[in-house]
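Just so you know, the sequences run in chain order A and B. Okay, so the first sequence: first residue is 1 according to my numbering, each after it adds one. Okay, so the second sequence: first residue is 416 according to my numbering, each after it adds one.
Take these hints with a grain of salt, some might be off.
Reference listing, derived: stretches of chain A covered by chain B, where coverage requires no fewer than 3 residues with Cβ under 8 Å from a Cβ of chain B [said to hold, decoys possible]:
hint : segment
1    : 99-106
2    : 132-139
3    : 211-219
4    : 250-258
5    : 318-331
6    : 360-366
Counterexamples of contact, computed for chain B against chain A with all Cβ distances above 12 Å [stated by the list, open to error]:
hint : residue
7    : Trp-427
8    : Gln-516
9    : Ser-538
10   : Gly-546
11   : Ala-585
12   : Asp-743
13   : Ala-761
14   : Leu-774
15   : Asp-816
Computed list of chain A residues with no C-beta within reach of chain B, every gap over 12 Å [to be verified]:
hint : residue
16   : Glu-14
17   : Arg-77
18   : Phe-171
19   : Glu-266
20   : Gly-270
21   : Asp-369
22   : Gly-392
Hints listed in this document are in silico derivations from the structure and should not be mistaken for laboratory results. For each residue, glycine too, the CB sits at the ideal point set by N, CA and C.
Protein chains: 2
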Amino acid sequence: MTRIAGLFDSRWVELPEGAREVAGGLPTGFAGGGIAAGLKPSGALDVGVILGEGRDVTSAARFTRSGVQAAPVLVTRERCRLEDINAVVVNSGNANAATGQAGIAAAEAIQESAARDLGLELSQVAVCSTGVIGVPLDPAPVQAAVSQLAGTIDAAGDEAFQQAIMTTDAFEKRASIEVELSGGEVWISAQAKGAGMIQPSFATMLCFIQTDARLEEQTADLLLGVTVKRSFDRISVDGQLSTNDTVILMASGDSGVAVEPESEDEKTFGRALDELLRALAISIVRDGEGSERVGRVTVRGGHGPSVERVARAVANSPLVKTALHGGDPNWGRIAQAAGMAVPGSAPLPVDVAIEGIQLCVAGEAVPHDESELAERVRQAEVEYTVGLPGDGHEAECFFSDLGNEYIRINAEYTT
Amino acid sequence: MTRIAGLFDSRWVELPEGAREVAGGLPTGFAGGGIAAGLKPSGALDVGVILGEGRDVTSAARFTRSGVQAAPVLVTRERCRLEDINAVVVNSGNANAATGQAGIAAAEAIQESAARDLGLELSQVAVCSTGVIGVPLDPAPVQAAVSQLAGTIDAAGDEAFQQAIMTTDAFEKRASIEVELSGGEVWISAQAKGAGMIQPSFATMLCFIQTDARLEEQTADLLLGVTVKRSFDRISVDGQLSTNDTVILMASGDSGVAVEPESEDEKTFGRALDELLRALAISIVRDGEGSERVGRVTVRGGHGPSVERVARAVANSPLVKTALHGGDPNWGRIAQAAGMAVPGSAPLPVDVAIEGIQLCVAGEAVPHDESELAERVRQAEVEYTVGLPGDGHEAECFFSDLGNEYIRINAEYTT
Numbered sequence: 001m002t003r004i005a006g007l008f009d010s011r012w013v014e015l016p017e018g019a020r021e022v023a024g025g026l027p028t029g030f031a032g033g034g035i036a037a038g039l040k041p042s043g044a045l046d047v048g049v050i051l052g053e054g055r056d057v058t059s060a061a062r063f064t065r066s067g068v069q070a071a072p073v074l075v076t077r078e079r080c081r082l083e084d085i086n087a088v089v090v091n092s093g094n095a096n097a098a099t100g101q102a103g104i105a106a107a108e109a110i111q112e113s114a115a116r117d118l119g120l121e122l123s124q125v126a127v128c129s130t131g132v133i134g135v136p137l138d139p140a141p142v143q144a145a146v147s148q149l150a151g152t153i154d155a156a157g158d159e160a161f162q163q164a165i166m167t168t169d170a171f172e173k174r175a176s177i178e179v180e181l182s183g184g185e186v187w188i189s190a191q192a193k194g195a196g197m198i199q200p201s202f203a204t205m206l207c208f209i210q211t212d213a214r215l216e217e218q219t220a221d222l223l224l225g226v227t228v229k230r231s232f233d234r235i236s237v238d239g240q241l242s243t244n245d246t247v248i249l250m251a252s253g254d255s256g257v258a259v260e261p262e263s264e265d266e267k268t269f270g271r272a273l274d275e276l277l278r279a280l281a282i283s284i285v286r287d288g289e290g291s292e293r294v295g296r297v298t299v300r301g302g303h304g305p306s307v308e309r310v311a312r313a314v315a316n317s318p319l320v321k322t323a324l325h326g327g328d329p330n331w332g333r334i335a336q337a338a339g340m341a342v343p344g345s346a347p348l349p350v351d352v353a354i355e356g357i358q359l360c361v362a363g364e365a366v367p368h369d370e371s372e373l374a375e376r377v378r379q380a381e382v383e384y385t386v387g388l389p390g391d392g393h394e395a396e397c398f399f400s401d402l403g404n405e406y407i408r409i410n411a412e413y414t415t
Numbered sequence: 416m417t418r419i420a421g422l423f424d425s426r427w428v429e430l431p432e433g434a435r436e437v438a439g440g441l442p443t444g445f446a447g448g449g450i451a452a453g454l455k456p457s458g459a460l461d462v463g464v465i466l467g468e469g470r471d472v473t474s475a476a477r478f479t480r481s482g483v484q485a486a487p488v489l490v491t492r493e494r495c496r497l498e499d500i501n502a503v504v505v506n507s508g509n510a511n512a513a514t515g516q517a518g519i520a521a522a523e524a525i526q527e528s529a530a531r532d533l534g535l536e537l538s539q540v541a542v543c544s545t546g547v548i549g550v551p552l553d554p555a556p557v558q559a560a561v562s563q564l565a566g567t568i569d570a571a572g573d574e575a576f577q578q579a580i581m582t583t584d585a586f587e588k589r590a591s592i593e594v595e596l597s598g599g600e601v602w603i604s605a606q607a608k609g610a611g612m613i614q615p616s617f618a619t620m621l622c623f624i625q626t627d628a629r630l631e632e633q634t635a636d637l638l639l640g641v642t643v644k645r646s647f648d649r650i651s652v653d654g655q656l657s658t659n660d661t662v663i664l665m666a667s668g669d670s671g672v673a674v675e676p677e678s679e680d681e682k683t684f685g686r687a688l689d690e691l692l693r694a695l696a697i698s699i700v701r702d703g704e705g706s707e708r709v710g711r712v713t714v715r716g717g718h719g720p721s722v723e724r725v726a727r728a729v730a731n732s733p734l735v736k737t738a739l740h741g742g743d744p745n746w747g748r749i750a751q752a753a754g755m756a757v758p759g760s761a762p763l764p765v766d767v768a769i770e771g772i773q774l775c776v777a778g779e780a781v782p783h784d785e786s787e788l789a790e791r792v793r794q795a796e797v798e799y800t801v802g803l804p805g806d807g808h809e810a811e812c813f814f815s816d817l818g819n820e821y822i823r824i825n826a827e828y829t830t
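Kindly generate the complete structure, drawing on both the sequences and the hints.
Structure, rendered in structure tokens:
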């Protein structure tokens, strides 16, 4: 099994007490797998399935907010009961986006035949796609692949599933953790993909999460909503919101351990899920197309929308990203991005620090140890903090650097 | 004299009838020049002055809307009568931004001594800076340079002035045109700088325009406002709004030819000024750090704010920019950027065409001649059009591609 090196190595992630990473595999009650259907010219795996084998799976889902949504997103939102998803069917190699009525028909056909093959209602099967935009998707090879998978999926299928959902990803993004609750241990597994077209709102990313804890529908929805906001909604590779983003949580209940609403267990489970999704989100940034360093910007001030706008403006600035890439402590670009995000506020008394070294106080440069600073901005993870007037609000974003590899990948990745 | 090759060669610019490009030099009533004050380590020219020699110059100005504004912007806005600017004093090599009270004091000191040296009121001298952010600016060498320039500036000084205001610019951006009005010929000259930190709102750019036409204050302000909105407010290199952007128009009246409000002459003069500023704005995009191709996106639809947002989203998308760089007709990224700009509108029936070749109609890919398309996206200028539902509104943006040179320049250009 491929080792997922360092998913929890980031200094910005820490599993709560009672939670620990385990080797992999799906929680009880789930089977999965992946297969090559010929959508990727390379012949790599490109169709994956995760099935909740029991019949009382609860679920929750979140989707891209883009005005241009891929056919599988429209079909899943339209035809699924989102609290009752029992299986996900995913293809990579083709996003089935900007494909019009034919694309909708293809997504529906895949959903229909998958429901038959997996013994489910149509409304229980979510369909997802990722890959190039604007190319018609022939449903037949995907349908045949799902038929074949239906007989072969198993509890060790998370690795093949992970490979089947990847596109430009340089490494796998999956983990399984065990969490101790008052009623016993539960397991959470997650598989994510994403490396480009990533924006904090959320990203060209897919993430599928399975647990054998028993969750009420509202608890699943609440926990997923909160943790997505703190993870996939907080990352930027290139500021580009995708047409296909989907996150789906499924809970089998097969551990027999319930997570009751507003209990200590809910907090513990929520914290573990939170750190797991943050770790995956940061790994997407780390895998940001051509990325070599990861930055985190934290903005504090007295006005919620402003701290949010400034954090996103810094995270999306190509000038900040190229400076991060070059290991260059060019904090003037942080001040510039901040100012751009709050027009009409001049003169804005902005504070800027990098790695705890104060560089600008109330809009004015302050003396600092330049060699110390130069060393710290060459680390794998670099921390930026911005202060705006007032206090009480805080926003953070994680972002990749911008280097030649991003250009190489994106100038050559064609429709 | 350096030939400014092809400023009016863009297919998106056309001088109106009665206007023609002339060889260079300043309009009657103006003197200018540039000198090396040691701010640029290279020893290149870095302080420039343009002086209206008469005493009844009218003027108009526009500034960055950033919340973080450089000291010279704050000082010029605070202490100048913007309709009565008789001289501009510009330094490159240091932006005098994020420099606090000391930066304000430096900008004021430069303004004060320049006013004495040039025989003007303090309120008649605009000060501008461009270069690195967050480094204290010693006013003394700038003051000495202006003193020296005061005795040597002349009507042929636009070339030296141009060189003194450049930073990462790869080529000069200046032109002089002659315009035939009913009362005789007038001359308009302009010098611009800008290559990075460029965003359609407007840009890290400076532009100084001189004319010997006689303009009323309101006419100067109206014409500058309209033409800046259609030029420097419509370009994106990297989506980054600067702290220092300044555009200043000065009219000496020395031709004796008046441009009367609401006259045919006003239209002719306005059209010529418009094409001149658009040509300079496009040349900033063409010089976008490392740029090899220029794109124009035109968005049409029934809702003003939406067409505007979509045009800016396409122009600022690193995915669209890298595709332009690679000569890649990746129109799916145009649809994706459009969708991102109008969240909550799914399914959005978007139309996309490149170089007049229709690729997507009402959200669905349509067949097209791929070899023809592949050839057209490899031109120096590429035209994108996006259609949203409805009609009556239109917005355009010009943008550079994103290539390795941008990374090289910006990962290495340090504070």
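**Asked** What are the numbers of the hints that this structure violates, sorted from low to high?
**Response** Hints 3, 4, 8, 10, 12, 13, 14, 15, 17 not satisfied by this model.
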